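*Asks:* Given chain S, put chain W in place with the hints provided.
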Amino acid sequence: MRRGTETDVYDVFAKFGDDATEPIRWVGSVRSGDPELAWHAAKEIYTRREYCTVLWVAQRSGMVVSGPEDEAILRTPDRLTYRLPTGPGRRRRARIKAGPVQPVPR
Amino acid sequence: MTLTTPPLTDEDERLARKYELWEELPEGYREAAARIASFQALAELVGVLPFAEWVDRAPDYERKQMLVAKVQDEVGHGHVTARVAEDLGVGREQILVDFAEGRTKLLNIFHYGFESWEELGPAALLMNSSAIVQFQALDQGTYLPYARALRKIEKEESFHYHHAIDLTHQTMVRGSVAQRQRAQEAFELWLPRLLAYFGPPDSDTYQQNPMYRFGLKVKSNDTLRQEWLTKIVPVFQELGIFVDPALARFDEDRQAWDYASPDWVETKRIIKEGGPRYGDWRSKIQLSLERNGAYRDAALARAAA
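Chains S and W, in that order, are what the protein sequence lines are.
Residue numbering for the first sequence follows our numbering, starting at 1 and increasing by one per position.
Residue numbering for the second sequence follows our numbering, starting at 1 and increasing by one per position.
Be aware that a few hints might be false.
[As the list claims (entries may be wrong)] Calculated lysine to aspartate or glutamate pairs in the EDC-like style (CA-CA distance at most 20 Å, straight line):
| # | chain 1 | residue 1 | chain 2 | residue 2 |
| --- | --- | --- | --- | --- |
| 1 | W | Lys155 | W | Asp166 |
| 2 | W | Lys105 | W | Asp253 |
| 3 | W | Lys152 | S | Glu69 |
| 4 | W | Lys284 | W | Asp56 |
| 5 | W | Lys18 | S | Glu69 |
| 6 | W | Lys105 | W | Glu93 |
| 7 | W | Lys219 | W | Glu101 |
| 8 | W | Lys18 | S | Asp70 |
| 9 | W | Lys217 | W | Glu27 |
| 10 | W | Lys217 | W | Glu62 |
| 11 | W | Lys284 | W | Asp139 |
| 12 | W | Lys284 | W | Asp98 |
| 13 | W | Lys231 | W | Asp280 |
| 14 | W | Lys155 | W | Asp139 |
| 15 | S | Lys43 | W | Glu156 |
| 16 | W | Lys18 | S | Glu71 |
| 17 | S | Lys43 | S | Asp70 |
| 18 | W | Lys152 | W | Asp87 |
| 19 | W | Lys268 | W | Glu227 |
| 20 | W | Lys152 | S | Glu22 |
| 21 | W | Lys155 | S | Asp70 |
| 22 | W | Lys64 | W | Asp202 |
| 23 | W | Lys219 | W | Asp87 |
| 24 | W | Lys219 | W | Glu238 |
| 25 | W | Lys231 | W | Asp253 |
| 26 | W | Lys284 | W | Glu13 |
| 27 | S | Lys15 | W | Glu156 |
| 28 | W | Lys155 | S | Glu50 |
| 29 | W | Lys284 | W | Glu154 |
| 30 | W | Lys217 | W | Asp139 |
| 31 | W | Lys155 | S | Glu36 |
| 32 | W | Lys152 | S | Asp70 |
| 33 | S | Lys43 | W | Asp98 |
| 34 | W | Lys105 | W | Glu31 |
| 35 | W | Lys18 | W | Asp87 |
| 36 | W | Lys217 | W | Asp204 |
| 37 | S | Lys15 | S | Glu44 |
| 38 | W | Lys219 | W | Glu266 |
| 39 | W | Lys64 | S | Glu44 |
Keep in mind the hints are simulated off the structure, nothing from the lab.
All figures in this text were calculated on a predicted structure; none of them were measured in a lab.
Isolated chain W, as found in the complex:
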């Protein structure tokens, strides 16, 4: 397979010109930047729900505190990215209402919940590490308010990452055989989901994608997927998780990872029709919008007065 890599000068040029909110933006740029920021705001706000429901099931006080901190962090990330979107003309109410009314799609990984405490650690570790790899690429992007928001977010994601390692380590070192088995199964269940999270394999025309051309998307899906596997597979191995070569294996000759291809048909179906917990998250957001509506309206009326 020959890889067609654009010449470095072109690449530099694509990411060299950065934009502030108040600058004149190329046609279509504002909408594209608003889309990426509002998409992330929703992912942060909904993505925290599977964790939030474990707060009152955490097995000890320290874990509960760490989980509460994580949940608060993620909601904060939702606010920060929603502010970026709002400055570009997409209100946070709209982001949430569009989701509650089924108009926006959710990333595949946020369609699920956790069945056990032992599942939460490995799943969180896979999620956080992939988010970090994503953000470290995206923060090199051309829209500066979004890049700044990501740099703030990364610091906190790093805390979540170490928390998830610690959590998995506790299960693997102190847990019963059954608990360790659940952690192993969680890894095998979530690895393909996260491989799919990075998006479909690169097409020949990915460089024509407007998000990519605007420098809002920085690296290709396959590049990110490879970087992520390099980062995360050794971490799991060190935690005593068996990484089946059939799932992911580094090919020394090609200097690249081979991995079991995620079920793309199922991934698309989940995103289109909703996964096991999609309905729950939607109704939670809907309820919270209704419950807080009166307070929100009063606050905004007061601000406008």
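Next comes chain S alone, as it looks inside the complex:
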């Protein structure tokens, strides 16, 4: 990962439509010398048609972003197999195979 460098680039994030469960998405970027003006530019450029409900801008120099070198550590399934659903699945099949649990004698 690395720090973003551009101080005059703002990445734009927005949420569109009435579906409240929709995530906020990255939609593009604007170039501006000022954060509030960047927000207005984003509004004019990226919310022209769809009904926008959330609009954020983030200065690129304030962001930490992944690069190609991070691919390996970001690929959870490859390195952390015990987190995958197949792990519990295997255990579940083993449980079924083991048959019914004998009640604790009283």
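*Replies:* Below, chain W alone, put in the same frame as chain S:
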């Protein structure tokens, strides 16, 4: 004529590998992607000028609003594609300065203006439909930031397209004989210009073109031209425009369009030496760069502080 079409697997492969800005790009790819994005940014920013000068001549308030929306949209497209170019190392100032100082060429269709309000509708309809056909091919290209920008742009182009249909329809239904005649003439004037806009006929080696091999150019000029004619000719016919078979005619046997070949010599001359309004657009861009220079410098100095 036998068409040499590459096997489908090759085609799939050419467009299958997509790239993000931060990925390692093949040699020459970054420059090629920057070129296509900056070329479009300029086309959007200059291409809007012939429309912008009609804003205060629009015949009614509703048309004026629609035209203002279109002008703003196109400038927005200029920003979005300029951002794609800037991330690849080509600044928007450079794009505009290179144009103002005569170093970059402009697409043939942006060298003209409109002589009448009745001309604007059919011309805009021809321009928008060809842009949509172009973009729908280009958004399948391999550079993802550019493809995303195009998908945003397409939504707005569709609005412009319907606006242009409505505008032409109004002239054709409510207009006087003279006005309808002007719409007809506009179609005949602009059709060859737009046929030329798609670029020269495919050469035997178009697949060797680096832009094509990188999958930045997706379809060949002739393919796009044919797709466009299929889309747009029936639209004009429905609007009551007479499409002279000598200009464009569908050949049922070949399942392809025959069309009057654009004047390629004149097209090349226009692009090289400048068409009727080229000088106006250049000085407009030059003036705007000068007028806004102090504000731009102050804003960028503040951002860097």
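*Asks:* Hints first: check each against the structure and report whether it holds.
*Replies:* Hint-by-hint comparison with the structure:
Of the pairs offered as hints, the one joining W/Lys155 and W/Asp166 holds, with about 17 Å between alpha carbons and a cut-off of 20 Å not exceeded. At roughly 39 Å between alpha-carbon atoms, W/Lys105 and W/Asp253 are farther apart than 20 Å, so this suggested pair is violated. The suggested pairing of W/Lys152 with S/Glu69 is violated, with an alpha-carbon distance near 30 Å, which exceeds 20 Å. As the CA atoms of W/Lys284 and W/Asp56 are separated by approximately 17 Å, the hinted pair is consistent with the 20 Å bound.
A C-alpha spacing of about 18 Å is found between W/Lys18 and S/Glu69, which places the hinted pair at or below 20 Å, so the restraint holds. At most 20 Å may separate the alpha-carbon atoms for a hinted pair to count; W/Lys105 and W/Glu93 meet this at roughly 16 Å. A threshold of 20 Å between alpha carbons decides the hint, and for W/Lys219 with W/Glu101 the separation of about 32 Å lies outside it, so the pair is violated. A C-alpha spacing of about 18 Å is found between W/Lys18 and S/Asp70, which places the hinted pair at or below 20 Å, so the restraint holds.
With a C-alpha separation of about 17 Å, the suggested pair W/Lys217 and W/Glu27 falls inside the 20 Å cut-off, and the hint holds. Note on W/Lys217 and W/Glu62: the hinted pairing is violated, with a Cα-Cα distance of about 38 Å set against a maximum of 20 Å. For the suggested pair W/Lys284 and W/Asp139, the alpha carbons sit about 31 Å apart, so the restraint of at most 20 Å is broken. With a C-alpha separation of about 14 Å, the suggested pairing of W/Lys284 with W/Asp98 holds against the 20 Å cut-off.
Distance restraint check for W/Lys231 and W/Asp280: the Cα-Cα separation of roughly 33 Å exceeds the 20 Å cut-off, and the hinted pair is therefore not satisfied. For the suggested pair W/Lys155 and W/Asp139, the alpha carbons sit about 12 Å apart, so the restraint of at most 20 Å is met. For a cut-off of 20 Å, the pair hint linking S/Lys43 to W/Glu156 stands: about 15 Å separates their Cα positions. With a C-alpha separation of about 16 Å, the suggested pairing of W/Lys18 with S/Glu71 holds against the 20 Å cut-off.
Among the hinted pairs, S/Lys43 with S/Asp70 is inconsistent with the structure: their alpha-carbon atoms are about 32 Å apart, more than 20 Å. At roughly 18 Å between alpha-carbon atoms, W/Lys152 and W/Asp87 fall within 20 Å of each other, so this suggested pair holds. At most 20 Å may separate the alpha-carbon atoms for a hinted pair to count; W/Lys268 and W/Glu227 exceed this at roughly 23 Å. As the CA atoms of W/Lys152 and S/Glu22 are separated by approximately 18 Å, the hinted pair is consistent with the 20 Å bound.
Of the pairs offered as hints, the one joining W/Lys155 and S/Asp70 is violated, with about 34 Å between alpha carbons and a cut-off of 20 Å exceeded. Taking the CA atoms of W/Lys64 and W/Asp202, the gap is about 40 Å. The hint is violated against a cut of 20 Å. With a C-alpha separation of about 25 Å, the suggested pair W/Lys219 and W/Asp87 falls outside the 20 Å cut-off, and the hint is violated. Among the hinted pairs, W/Lys219 with W/Glu238 is inconsistent with the structure: their alpha-carbon atoms are about 28 Å apart, more than 20 Å.
Taken as a hint, the W/Lys231 and W/Asp253 pair is honoured in the structure, with Cα atoms around 19 Å apart against an allowance of 20 Å. At most 20 Å may separate the alpha-carbon atoms for a hinted pair to count; W/Lys284 and W/Glu13 exceed this at roughly 44 Å. Between the alpha carbons of S/Lys15 and W/Glu156 the distance comes to roughly 18 Å, so the proposed pair stays at or under 20 Å and holds. With a CA separation close to 10 Å, the supplied pair W/Lys155 and S/Glu50 stays within the 20 Å bound.
Straight-line distance between C-alpha atoms of W/Lys284 and W/Glu154 comes to about 27 Å, which puts the hinted pair past the 20 Å bound. For the hint linking W/Lys217 to W/Asp139, the alpha-carbon distance of about 10 Å falls within 20 Å, and the restraint holds. A distance of roughly 26 Å separates the Cα atoms of W/Lys155 and S/Glu36; the hinted pair therefore is violated under the 20 Å criterion. Our distance criterion of 20 Å between C-alpha atoms is broken by W/Lys152 and S/Asp70, whose separation comes to about 29 Å.
Pair hint S/Lys43 plus W/Asp98 does not hold up; C-alpha atoms about 29 Å apart against a cutoff of 20 Å. As the CA atoms of W/Lys105 and W/Glu31 are separated by approximately 17 Å, the hinted pair is consistent with the 20 Å bound. About 17 Å separates the Cα atoms of W/Lys18 and W/Asp87, which keeps this hinted pair within 20 Å; it holds. With a C-alpha separation of about 16 Å, the suggested pair W/Lys217 and W/Asp204 falls inside the 20 Å cut-off, and the hint holds.
For the suggested pair S/Lys15 and S/Glu44, the alpha carbons sit about 15 Å apart, so the restraint of at most 20 Å is met. Restraint check: the Cα-Cα separation between W/Lys219 and W/Glu266 comes to about 25 Å, which exceeds 20 Å; the hinted pair is violated. The suggested pairing of W/Lys64 with S/Glu44 holds, with an alpha-carbon distance near 18 Å, which does not exceed 20 Å.
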